[in-house]
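Heads up, the sequence shown stops at 509 in this note's numbering, and the numbers go up one at a time, no gaps.
Some clues are possibly wrong.
Straight-line C-alpha distance at most 25 Å; calculated BS3-like pairs for lysine-lysine [said to hold, decoys possible]:
1. K75 - K65
2. K323 - K357
3. K75 - K64
With beta-carbon atoms standing in for the labels, derived distance ranges [unchecked claim]:
4. I107 - Y35: 46 to 56 Å
5. D284 - M382: 41 to 51 Å
6. A211 - T351: 53 to 63 Å
7. W348 - D221: 35 to 45 Å
8. A62 - R114: 23 to 33 Å
9. A214 - S439: 34 to 44 Å
10. Q290 - A214: 57 to 67 Å
11. I32 - I217: 21 to 31 Å
12. G116 - L180: 54 to 64 Å
13. Y35 - G199: 25 to 35 Å
No lab work stands behind these hints: they were computed from the structure.
A virtual CB, placed ideally from N, CA and C, is assigned to each residue, including glycine.
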Amino acid sequence: MWKRLLKETRTRILLMYALLLLILLVGVAVPIFRYLLFVSVDGRVQESLDEERDSFLESYAAWKKDPTHDVEDLKFFVTQFLQNSRPEDDNFQIVLINGEFYRSNPIALIEPLRPGSELFERWQDVTQFTLDEANVDDPTIGSILYTADPIILRGQQQGVFIIAHSNAGERQEALVGVYLFMQFTVVAVLISLLLSWLGAGRILSPIAKLASTARSISESDLTGRIPLPKGNDELTDLTNTFNDMMDRIQAAFDSQRAFINDAGHELRTPITIIQGHLELLDDDDPQERQETIELVMDELDRMGRLVSDMLLLAKAERPNFLKLETIETHEFTQAIFTKATALAQRNWILTIRGQGKMVGDRQKLTGAILNFIRNAVQHTQMTDTIELGCYFASGAAPDSDNCSGDSLRKDGRADIAQLSPQPSHQIQFWVRDTGEGISPSDQQRVFARFARGRHHHRRSEGSGLGLAIVAAVADAHGGQVTLDSEVNQGATFRLHLPGSLCDLPGYSR
């Protein structure tokens, strides 16, 4: 039974607490020892003050027996007495005559004893013997212990004789003994702490591993687990509980993180499009009504696809992330532009250079480009211009069976029409605006999740996921996104895509 008790964590913690209590008691002894030393020092100081005071009173009593002495004679007596007196270290003998400073020994006084000080003004009011102590803020002086005796001549007070002592020096000498005692105590405590630390480290190592594992766990990494300790005590049970909890948290977090982050952002754009077109719907125009119904149904279908995709992605990483199909770029761009104009009142421009077929996921590409557009809307005013453009490299053969073909080179500042074909990107979509632009420091981070730029005019209402989603869609298509912007000069976001069928994984004709 005793062996079992010793193995329990609470028993070992109790033993550690007992050791710490002993250390605490040792720590209390130091201030007590310091206090007793200071009391002894103050006692010795008081004795020296009494000796010097008695010497003055005896001399003064003998001197004033002569009834013919006047104030001038008193000054001469004081001068002679101070010249012949030898005060103890840090003692100051001061004489006031008729309320004014007359002479002192030593001549140089420390600041709190000089005429005009608070303590000096107190002495000017002395009418009877006073023994007191005054604290000062200067640690090199400490406190002032003093005696003050009124000087009576012919029945009237003519002055005050003061003996003051600065106890900082005496106490500093006494502290040397305290420091020696403390050094010994510190060594003893350090040895005790070392032994306690070694014992605690062994006893509480599972808790240390728990803390280390908890610190290593982040939003992007929930895989950390604690190795199971030997034994069958409370720490083992704690470790098992923590590991089981992390398994549940990781499963729940992985399944919900993508859905929570992406759902609100992705669904806001199609809802806005539907709402805008329904608000502008003219019931008297059958053709417009039919076009609006088709657009709304298309957006509802895309919303359903988005929800389904995010629900599946919340459960697991799907290999068939893209639903590839052949897309006519001209028609595709026109459809996106129609949806974009319902987002806000801007000077909208559609630019299409070249046309042809490409392979991609129509819904995800639509969402990506609309994210570009919505970002432009958020950072422009009603009088600004937003341009949606598509460039299809001439001579490309996106529906051929071979993997050769021309593509656009990446040039952030060149005009789209001047880009020369290169063996890289063949198809390019861009959204250019004349808004507030993006600073160079923000351009390095806008495609990261939850990143928001420091806008000049207003804060973006987005969730910080839109451009990150665009980058993910581009990467899934084997492409990339680029940005060209200057502050107050607008911004141009580009989506570069390969045009060859075999550039996209998972596509089969």
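Checking each numbered hint in turn, tell me which of them this model violates, lowest number first. When the structure is compared with the hints, numbers 4, 5, 11 and 12 turn out to be violated.
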